[in-house]
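Asker: Line by line, the protein sequences give chains A and B.
So that you can map any letter, position 244 of the first sequence is 244 in full-length UniProt numbering, and since no number is skipped, the others follow by simple counting.
So that you can map any letter, position 288 of the second sequence is 288 in full-length UniProt numbering, and since no number is skipped, the others follow by simple counting.
Simulated from the structure, these hints should not be mistaken for laboratory data.
Only a predicted model underlies this, so the values are computations on that prediction, with no experimental measurement involved.
Ideal placement from N, C-alpha and C gives every residue a C-beta, glycine not left out.
Be a bit skeptical, because a hint or two may be false.
[As the list claims (entries may be wrong)] If you only want the chain B side, here are some residues facing chain A, beta carbon under 10 Å, derived: (1) G81; (2) F84; (3) L207; (4) P265; (5) I268; (6) R285; (7) I286; (8) S351.
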Amino acid sequence: MEQLALASATIVIGIFGCVAWFWGSNWLLDRALPPRGANAGRNIGRAARVRPWLFLGPALLVLAVYLVWPVFLSIWLSLHDASGQRFVGLGNWRWLMADGKFRESMGNNLLWLLIVPAAATFFGLIAASLTDRLRWGNLAKSLIFMPMAISFIGASVIWKFIYDFRGEGQAQIGLLNAVVEGFGGAPQTWLTLTPWNNLMLMAVLIWIQTGFAMVILSAALRGIPEETVEAAVLDGASPLQIFLKIKVPQIWGTIAVVWTTITILVLKVFDIVLAMTNGQWGTQVLANLMFDWMFRGNDTGRASAVALVIMLLVTPIMIWNIRTARREGM
Amino acid sequence: MEGMAGTKSRLTWAVNLAALLLVVLWTIPTLGLLISSFRDRDQIAASGWWKAALPAEQNEIFRAPPPETAVPDGPLWVLDGNVFGEAGGSVAAFGLSAREPKAFAPGETATGRAGDTLTVAEDGAFRITYPEAPEAGRGDRIFVTTTTPPRLTLENYETVVVAQGLGRAFLNTFTVTIPATVIPILIAAFAAYALAWMRFPGRALILAGIVGLLVVPLQMTLIPLLRLHNAIGLDKGYLGIWLAHTAFGLPMAVYLLRNYIAGLPREIIESARVDGATDFEIFRRIVLPLSFPALASFAIFQFLWVWNDLLVATVFLGNAPDQLVMTGVLRELLGSLGGEWEILAASAFVSISMPLLVFFGLQRYLVRGLLAGSVKGG
């Protein structure tokens, strides 16, 4: 109860603080440079130059302190030793290049990058085109979209249950092993089965992200001009031909957006690996490696170097996004 | 013509079936966990959740009382009892050895090497007979296959909420989530308005910067921010995590809201300006109410993201019960009791219930936000 009271109080104070800043600073500005009286014209002009920064101020401050400055501090930290005291030059980077776990993580991240965005987009596209033709399409969409709302860690619990292993002869309670036994195979400890366990982890993210791809691609498919499809029907194209040769080429742009969005997510994937294998049995990825060095290794230098690698991998997409946004007149 | 109609209906069938397959594949994992969360530990271990509606079969070993307690009855010495004790249940099969635990059906009589016999009835009552007075020793082992009727229970939920501290964690999660959702919306809405409708030098640069910040990986910021929080005495606590979540949500918030607010009709805002309204009034009276759909979209996003977050909470909050959030509890449970599925399943369901409610209740806004945020940049 006490905590609830404290929580509500802090919520009110926090929100009130924000409102007070915007309202108060505007009020002060209007008092200092009143838009009436003798100097009204000059005051309005001056106030108009100041006011955008009052509106933008908190956002810029928070972004600068919490997102921009850390990038530079990370670069600095990556050139220093474990506690961030002593300058070690490129020592951490040399260690990184030689470290087996780092190589494994890079390899796995590459696998994730190749497989997850492709699979999620593929299934999303199929789900979108199937459900758009159904009377119960909206219900189907909701259900496929649902995993989006589930936390990565919750999803990990769900899937760990599916991969559960019991010795041969015991009743399998994991669905996958039950199916395998049903087909006469031998049950496996899926999560320790290098390299296939990587696929088992990827399945979780694919399961979560397919709904996202489906929603966006479904909107894009519905935006395709009817005439193009009708013309193809008149020319005698089969449904599959219409889909592959008429519809898909028209939504390449959206497919690219879905692909890059999932790609960024994949580079940051962390919870699933942490919860299901903690990087053991050859499943380490960069984000979890960074977490390991930060908390268990207590080495800010190496952890920062790994984080910077993730940043470097994201950068091409960042530049591409900025260029696209500017071209579209933002 | 008939042929074509036939193809068409076959195609419809195929589409329906394929979609059904996808839906089943995508819902079954969650369904499995949901059903498991209502079964007790023995049931979970005895059979897969898909058999929850069937009686569960279990192999058990019962040790009979020592032979010397047998009482003479006519020419024989007899030992009576019940494998279930007081509990009750039903026996599907029994046997004398571990190699053949299901050799006999209930009611049959099994004969051992020394001429002793064993009968187990369906209700668990057994009778062992010895042809002559047995020597003292350990009791005989009886292998029984029991079936327990299907049963669903809410006990797991009681256990996790009270004993595992999930109730407290639920509260903590709320404490993190609500301010971390509301504060970025407020800050971002003002910034978005300035970026959409005010003219000032550096605007394009700031916009480009925000699009760039959309993809900055969180991992990048954790160590510097932790050092910062320690340096300014914020340490691990709610204020720190609110600020962190606010910052991490801001680029998306500003981006989404700016796109929406920039799309509002120019005439409304121009005419308000002509009437002498200040920017603050325009924002409060016109822009804010009109932007409600975009605000709602972002609020849902941020809510789901903060509620489901593990990384930020692990880094910026402590491990004490008054700060541990639900994702953190789940992580600890996964680490410490890999085998106790009933606890894990119920805990996981408590933690995903809120996002699922929000998801099914406000799906329309969520979809709208996704489309606005992704179709352009992402």
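Asker: Now tell me, hint by hint, if it's right for this structure.
Answerer: Tested hints:
| no. | hint | in the structure |
| --- | --- | --- |
| 1 | G81 | violated, 28 Å |
| 2 | F84 | violated, 21 Å |
| 3 | L207 | holds, 6 Å |
| 4 | P265 | violated, 18 Å |
| 5 | I268 | violated, 19 Å |
| 6 | R285 | violated, 13 Å |
| 7 | I286 | violated, 15 Å |
| 8 | S351 | holds, 6 Å |
Violated hints, in rising order: 1, 2, 4, 5, 6 and 7; the structure is consistent with all others.
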